[in-house]
Structures are given as C-alpha cells and as structure tokens.
Amino acid sequence: MKKSLIALAVLTASGISFAQSSVTMFGVVDAAYAKGTGSLTDKTQLKNSGHNSSRFGVRGTEDLGGGLKASFWLEAGVNNDDGSGSGTSNNNQTAPGADPVINARNQGLTFNRRSTVSLEGSFGEVRLGRDYTPQFWTETAFDPFGTNGVGTNIAFNKGGNTGVRASNSIGYLSPSFNGVKVWAQTYMGENASTDAAKAGDGNAIRVTYDAGPLSLAYATSSTKQATAGQKNETSNIAASYDFGMIKLMAQSNKTKVTGAADIDGFVVGATAPLGSGYARVALSETDKAGVKSNLTAIGYVYGLSKRTDLYATYARVANKGGATAALNGATTGADQSSTGYDFGIKHAF
Amino acid sequence: MKKSLIALAVLTASGISFAQSSVTMFGVVDAAYAKGTGSLTDKTQLKNSGHNSSRFGVRGTEDLGGGLKASFWLEAGVNNDDGSGSGTSNNNQTAPGADPVINARNQGLTFNRRSTVSLEGSFGEVRLGRDYTPQFWTETAFDPFGTNGVGTNIAFNKGGNTGVRASNSIGYLSPSFNGVKVWAQTYMGENASTDAAKAGDGNAIRVTYDAGPLSLAYATSSTKQATAGQKNETSNIAASYDFGMIKLMAQSNKTKVTGAADIDGFVVGATAPLGSGYARVALSETDKAGVKSNLTAIGYVYGLSKRTDLYATYARVANKGGATAALNGATTGADQSSTGYDFGIKHAF
Amino acid sequence: MKKSLIALAVLTASGISFAQSSVTMFGVVDAAYAKGTGSLTDKTQLKNSGHNSSRFGVRGTEDLGGGLKASFWLEAGVNNDDGSGSGTSNNNQTAPGADPVINARNQGLTFNRRSTVSLEGSFGEVRLGRDYTPQFWTETAFDPFGTNGVGTNIAFNKGGNTGVRASNSIGYLSPSFNGVKVWAQTYMGENASTDAAKAGDGNAIRVTYDAGPLSLAYATSSTKQATAGQKNETSNIAASYDFGMIKLMAQSNKTKVTGAADIDGFVVGATAPLGSGYARVALSETDKAGVKSNLTAIGYVYGLSKRTDLYATYARVANKGGATAALNGATTGADQSSTGYDFGIKHAF
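Protein chains in written order, with my numbering: chain A, 1 to 349; chain B, 350 to 698; chain C, 699 to 1047.
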C-alpha cells in the first residue's frame, strides 16, 4: 500500500524533538457497485473493500536508541457503504462481530483489523495484541485479488474464528536470514484453568523465503475448538515468481477439523502490468469430500495515482457435489453456477 | 463552519511530496444545559449539539492532475454529554441506531454522518457511500437554527429512515451552471431480487439557484417502504434573501406516505448580525390531517472566535388536533404547549 | 504522562495561522502477559492497561484572547488485546458498557474516558460533558499503581455507576490559591421531573493542597440510587510526601450506601527511583462489615524512554469473613487467597 504520512514533530514536555519518531494516520476508503447473479436470487449493492479493505488507523514507531524500537498499530475496519465499523472477538471463540442486530445498524468502530504494541530490535519483533494469523497472510499474499472483492479465492478462510486474525496473541517475527523469515504466534482463549476444551487457544507458524523475483511460503496453525479435544488445523504452501511481464503465483491449502471431512483448496493466478495499471486472473478451488466449488476471476486495476485506483472484476463460480457457493450476495441452487462483478474506486490516505 | 487543518505533508514511498493533497482531522464539541417544560413532565439535561452537531471526522482530497480529484470523508456523530457514538443503518430499512440497549450506554462511534469516496472533475462529483439525502439539505439550510437544538424547525425529518441520510448511495453533484446546481442521488436497500417490496431503495434530486444574496432550492425524494408498492415521498421548496441587516428565509415541505394522511410543513425565519454575534428567530408548523404543532423559536449566538460560540435559544411549541409535541425531553398532554431552552457552548476544531 | 504532539498549523478559511491553538492526537497502547491464581480456578491472559490505561484521543486548546481559552477533550478506552472499545453510560444509572453480548466482541469505541468542552480563564475552568468524578481522582493519584493492573488498590471504586466517571456533568475547577484548588461537579441522571428517585443525579467536590513535596486531598460525593431516597455517598482523604529517595502515600476511603453496611478502605504505599526506573509497593484493604480483603502489591517499572516502559507487578490478596476477591480473572473460595502477576509493555504516543 502507498500511504501518506501526517507531518509531525514529536515533542517532549521539555520541547525536545525526537526526529526518529513518527505517528501516522492512515486509511483506505474503497467503494464498488457490485452485482451478483445466481439461479435463485440476484443482488445489487454498493459494497466496500472491493479492491483493498477499507480502514482507518493510527500507527507509530519510537526509536529507543541502541537499535531498539517501540511501535504500535491501531487499525479499524470501516464499512464505508453505510459508515458502520466491524466487530472483533475477545476470546477467539466467537466469530468476529457476528451479532445480527448490532451488525445491522449499530456496530461501532473497533480496532478489529489490528491493535498491537511491539518491541523491535536486531533480534526481530515481539508483537502483542490482536493481529493477523500467520497462515492467513499466505492466503492473501498469493492471491492475485488479495482476498478482496468478488475475485477473492474460494479456498480462503477455512480456519474458523481465527482464520484471519486472533485476539490475545503474542507473536515473534524474525529478521531475515538470507531471505528466510519466521513468524511464530500463540494466542489465548482466556478460559479458566478448569475448562476442559480451552477453546480459542492456538498456535501458528509461517516460514517464508524471498530471493529477488521468487517468493515461497509455508504456514500451519492449530486452534482448540469448543468441544474438548477438537481442533481446527490449517496448513498452506505457496510460491510466486515475477517474470516482469507477468507474475505467476500458486498456493495449496488443507484444513482438518476434528470429526469433519478435510477441506482441500488451491489457487493459481497471475498479475501483469497493462497500460496505466495491471490485469489479474485467478482460478481457485475448495473441495470438502466432493462438495466442490471452482472460481474463475479476471480483473483490471487502473491507477489514477499511487493512492487511487479504479477497478473492475468479473468472477464465476461453478459448483459440484451439492455445493451452493454464490457471489456478491446472490443465492444459487445446488450444482448451479453464480456470477458477479465489482466496479469501483479505492482511495488510500 | 470554520475548521482548522492539521498540517501535513503527504509523502509517497519514494519520498515525493504531493503539495496539492491534504488530510484534515476535524470536529465539533457542542454542549448545552437544556430544560424542557410540558404539562405532564419536565426534564433538565446536559445535551450535545444545541447549536452545531457534535462530530469527529477525517477528510481529504488528492489532486490527480488534469483537473481530476479523488476525495474521501469519514465523519462520526459524537454524543459528548456521555461519550457515546451514533448508529447508522446498513440497508435504509431500519432507523439509524435505534436499538435501545445499545443506545443507552454501548453505542460505539460509527461514521454515520458521512462516509464517502468521490471522484471530482469539471464534470462535477460522483460520490459513493453513506451521505445526506438531498431533500434534507434544504430542510437544514433554510432553517435559522440549522435543525440543531430546541429551535429546530418542527417540519423537519418526515422522510422516514432516509429522512436525513442514506446508506449505499450513489450521488452526482453537478458544477454550477450560472448559479444552478443539481444533486441527484440513488440509494439501495440491497434486497434480494425476489423481494417484492425493495424497501430502502430510493431516489432523490435537488436543484438550487444561487445569485448573490438570493438562494432558491427545490428537492424531492421517493423511498420504497416495507410493504410492496408503498412509498415515502417528500418534496420541499425554499428561498432566502440576505439584505445584509437581516437574512430572511422560508421553506415549504410536503410528505406523502402511501396509505397515510399527507404531512404539510413550513418554516419562516430570519437571522441578523447583532453585536459580536447574530440573533435568529423562526416560526414553523407541521400538520397531518389537522394534528398540528406550531413552534416559535428565538436565539442569540455570541462568537468568541471563528471556532467557538456561546449560544442561547428559547422555543415554544403549541399543539392542536390532539398533537403532543414537546421540547427537550418534556412530555405534554394533547393540545397542551411545551417550552424549552438551551444555553451552551460550541467549539469546532 | 509524557505525550507526543502532532505538529499542526491551525488555519482559518482565510489562511491565517493561530499560533496559540493546537490539536493533539494521543494515546496509550499497553499490553501485559497476566496470570491469576486462586483456590478454585486460575487464568492466563493477554491483558491491556497493566500499567497505564490504553486509550486513543484527540484534544485541543484555542486561545480566545484576553486570557480566555476554549478547549475540548475526546478520549476513548481501547482494549488492545482484542481491539474492542469500552461502553459508557448515558444517564449514570447503568454500569458503563455492561451488556455482555456487546462486550464479548462488538463493543465499538466510545469517548467513554472523557468527552468534554471547557471554557477557561483566570476564574478557573468550567467543563461540560463526561468526565472523571472528583473522588476517583484521589483514589488513583494516591495509589502507587495508579489503579491499573493487578496491583490496583482493593479499596478502589465503591462509588457505583459514577465511581470513576459521570456523564452529563458540569464541573468547575478553580485556579490555585496558594496551593489550594477546588473541583466541584454536578451530574444529571436526566430523569423526568415526576420521577421520585432521580437516579444518577449527584454532586461531588474535591479540595487539594500542593506545596513542594507535600500533597493533600479530600473529596466527597453523593449520588442518588434507583430507589427513591437512597444514596451512594463516598468520601476519601489522602496525603503524599516525596522525600526524593522515596515517595510515601496513603489514603482512607468510606462508602455509605443507604440500607447497606458501610465500606471502609485504605491504601498505604510508596514509590522509589531505582536504576532506570522505579519500584513501587502498596498495601490496601476493603472491609464491609467484616467481609474483608487485603491486597499486597510490589512492582518495578523500567523506563525505555519517556514514552515507553516495561513493567512487572506481583500481588496477593487475602480474604476474611467470607470474602472471595481474586486477581487477574482467577476465582478463589471464601477466605482463600489469590495471587497474580502482570508482565508488560506500555507505549504512549
């Protein structure tokens, strides 16, 4: 993302300026005219976040000297089609912001997207608070559509309540060792010690390798469920290579939930510079014991500036084995297809 | 409003400054000691927004070159008497933020007042998101009290859930053609295609003419209701003339809801510079099949600075035909009157 | 607190800069690994606000000339372990933000910590809105742990729904008369005039004396309860003396609720500079008709900078007369003890 910085002079009570320190206000306001068509019902909406997730945040870094830094990041999701915020989960046991009455009109802003404080140095970064889960980061980074809008890969987000983010997390992000980085995370459901299930407790790790045009990533997570002994375990592996004219990427995902059939998924896709922007295309699949959906998406992003894009995406999902996946709020019958498109503007500040 | 700007330097990743771009943090904190008196009960409160609506927001504009601009506006209502925010509506089918438990103590900040992204050029402005409805703008602009506080005209806000603002809107605001401007807006209830009523879908248009001291405005709107075939239709027409010593203004409103009696209303009023501030007076009426309320209001605004005002307003409402309108939280019996006053301070930043 | 200021140039529409005016964005992000142990259950959490209360706010002052100033303060509590906000109370009759479903995951940001507008001059300050109650300020100022984290004194917050803050308040803060200051406050429950109880109406006053190393404080409050004629009355008296090598402090509290046994409490404690930070220790007690808890706490704060601290606190509570007070989410049986610790980082911006 290209972000603007609010100019600032950080002043102590004695008037000394810390030139190394900074606080930044930032955000994205992204709105799209969106249509979904299915065999049962269609829907037309003004949606948000068709290209980048709409948000409002404040973040900053303080140089503590000796290579040490303290930093914070507070970032709220914004549904700019109606002005509401997005909920969170205080214990990783409930789906983020799922109460229907509140969601319908009253959900206030929360720093649901990220609320962390970190200590950074040559040893890496220790990060505390609500943060992305490592395995999600692979799912979005190796998707040409960045898990936003109608083109979002259909293998995405099978990790339950911590599929994208976790609250009460402690993370460690290593520095780069010749291109290899490690991100380890533990998060807590904050149950009483006598609780048998310990729902919401979990661990995740991600290892990445970057060398010029090549990127590789492997991640895995395990989260305890509401029934004692049950777990949601995800793993994914991904690669991308940037040939300049075109960047190719692929990922493969597996989700194992105790007592349920495994969910397998994959994404293959590409982005390519074209005119004043870039084109993108992706194929993705999710398959749970033969209940299977395949999504094809194609889109173009036109850059009005580093901060502002116009974009258009068209996608089609095909269902098999009784699957009913549908796009942009449409509904479709078993084994019927659904199509959808977004046409919008993304503005970052 | 006079607003302060936070200084800023907008920086790209490459360190180039866009001198033409800006991000502004802004707000109003307005508090008043308010009393309402009726035949049944009186009430004393510390209220907010007696003169200007209290708010907290961030907005900005980016110059894209060639006369094109991108802009955003995120603005939250703030109840600064208790610190709570205000709810919104995600589908124009529910009244904004109406859940009583949440409202009592838990309503978080939402960008309910406005959350939009725009593309502007010589062609005008295309605006997407949650915005004011065009007909509201006439109701507030031609009211000496700006639809704030105990002096708010009683003909105000008969447009149902979209009486003031609409979510999921697409608006077009024309440039000025010799003083004539057009603002057209469509908004979506985001119902399934099989829904018969399509509640929350609507359209509105406003045409204004400004020439020196003269302003004229006409607006109309139509919004589908929860029962198929039913509509809420509003229209208003207004004029003001600034003689320098005094500015006179008047508006006439009509609201037609399918299956109900029409609601007719009007406002006549004036503002006049006086000392270090200005005086204002208004008469307004609402009449639904003879159930009729008349409000008289008089007030004075004392300017401490461009940003800060002290203000006092006194109002009286008279009821006929069984009407029970009352002021500032008082309650009054059928055909009884009610009086109220606000005494407060407004500070903008 | 040491706060950073966002640089700013306050501009009028005509481009004139008010050099005397300022708007500041500020906050604290404080996270701790926290453990509580009791005879029944233990709990491990990532908590927020173990040292200073996490928050996000905007405040500013405008110089009106002639010694007069207008100012505002909007400050939201932030639960940065999960990103949620904190609720408030619109009438001082409900506990702030107590709805369990909303709190679990959906509580948006409110300016619950403070939302005020003030007019200040040589006469002192008149402050309107949601604010701290005067008696709370003594409870926190004369506690070595500042009523944050596991070391928070156990005599704290017996004042019911207005124990810490009140909505709809009008306050007057005097200037210093040879070290003596007075803070008087009235707040409203905003009941109808026919309501017999007038719950949430109240008054409070605090008198302080500061002379070099010596500080003295006395405060009292009275708040009407839900049953007519019933009151919650608090009073406290406190002193501290800074010997340089060590600062000693003590407070004594009494709470009288109509129809219930009185609650007596006290705190004695000390802070002392030590290495790159300071050590702190406190003993506190609460006693309601022999149901009694005693808390012992010891901690160290290591200053990484003026804005950033590492901290560790250990506390133990002993119960008598059937009391079951427990620390950091643990539960303990009647007359059993509980221990807890926090280990965390506080970063202010």
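Worth flagging that the hints you see were computed from the coordinates, not collected in a lab.
None of these values were measured; they are calculated from a predicted model.
Heads up, some of the hints might be wrong.
Stated by the list, open to error - Covered by chain B, per the in silico footprint, the following chain A stretches (three or more residues, Cβ under 8 Å):
{"id": "1", "stretch": "35 to 44"}
{"id": "2", "stretch": "303 to 314"}
Stated by the list, open to error - If the Cβ cut is set under 8 Å, some of the chain C residues that face chain A in the computed set are:
{"id": "3", "residue": "T739"}
{"id": "4", "residue": "V776"}
{"id": "5", "residue": "L871"}
{"id": "6", "residue": "P873"}
Claimed, not checked - Simulated restraints, written as ranges between beta carbons of each label pair:
{"id": "7", "chain 1": "A", "residue 1": "D195", "chain 2": "C", "residue 2": "K1018", "range": "26 to 34 Å"}
{"id": "8", "chain 1": "A", "residue 1": "L283", "chain 2": "B", "residue 2": "K580", "range": "40 to 48 Å"}
{"id": "9", "chain 1": "C", "residue 1": "M943", "chain 2": "A", "residue 2": "D195", "range": "53 to 61 Å"}
{"id": "10", "chain 1": "B", "residue 1": "A638", "chain 2": "A", "residue 2": "G322", "range": "27 to 35 Å"}
{"id": "11", "chain 1": "B", "residue 1": "A546", "chain 2": "C", "residue 2": "T925", "range": "44 to 52 Å"}
{"id": "12", "chain 1": "A", "residue 1": "L214", "chain 2": "B", "residue 2": "K580", "range": "19 to 27 Å"}
{"id": "13", "chain 1": "C", "residue 1": "T884", "chain 2": "B", "residue 2": "G608", "range": "44 to 52 Å"}
{"id": "14", "chain 1": "C", "residue 1": "T884", "chain 2": "B", "residue 2": "K605", "range": "45 to 53 Å"}
{"id": "15", "chain 1": "A", "residue 1": "G259", "chain 2": "C", "residue 2": "A839", "range": "52 to 60 Å"}
{"id": "16", "chain 1": "B", "residue 1": "K530", "chain 2": "A", "residue 2": "V182", "range": "54 to 62 Å"}
Glycine residues also receive a C-beta, built at the ideal position from the N, C-alpha and C atoms.
- Between G259/A and A839/C, does the C-beta distance stay in 52 to 60 Å? Check passed, 55 Å falls within 52 to 60 Å.
- Item | Claimed coverage, the stretch 303 to 314 of chain A by chain B - three or more beta carbons nearer than 8 Å | holds (count 5)
- Message: Is 53 to 61 Å respected by the C-beta to C-beta distance linking M943/C and D195/A?
- Response: Taking Cβ atoms as reference, M943/C and D195/A lie about 47 Å apart, which means the hint is violated.
- Would you say the stretch 35 to 44 of chain A counts as covered by chain B, given the rule of at least 3 residues with C-beta under 8 Å? Satisfied; 5 residues make the cut.
- Message: Min Cβ distance, V776/C to chain A: is it shorter than 8 Å?
- Response: This hint holds: V776/C lies near chain A, its Cβ roughly 6 Å from the closest one there, short of 8 Å.
- Query: Could one say that the CB atoms of A546/B and T925/C fall in the range 44 to 52 Å?
  - Reply: holds, 47 Å
- Go ahead and decide if the range 40 to 48 Å is satisfied by the Cβ distance of L283/A to K580/B. holds, 45 Å
- Task: Given the range 27 to 35 Å, decide if the beta-carbon distance of A638/B to G322/A lies inside it.
- Result: Violated - the Cβ-Cβ distance for A638/B and G322/A, about 56 Å, lies outside 27 to 35 Å.
- Task: Using Cβ atoms only, decide whether P873/C comes closer than 8 Å to chain A, and label the hint accordingly.
- Result: Since the shortest Cβ distance to chain A is 21 Å, the answer is violated.
- Task: Can you let me know if the beta-carbon spacing of K530/B and V182/A is within 54 to 62 Å?
- Result: holds, 58 Å
- So the hint says 26 to 34 Å: do the beta-carbon atoms of D195/A and K1018/C match that? At 29 Å between Cβs, range holds.
- Message: Holds or violated: the hint that L871/C contacts chain A, with Cβ atoms closer than 8 Å.
- Response: violated, 21 Å
Hints 5, 6, 9, 10 and 12, counting from the list given before, are not met by this structure.
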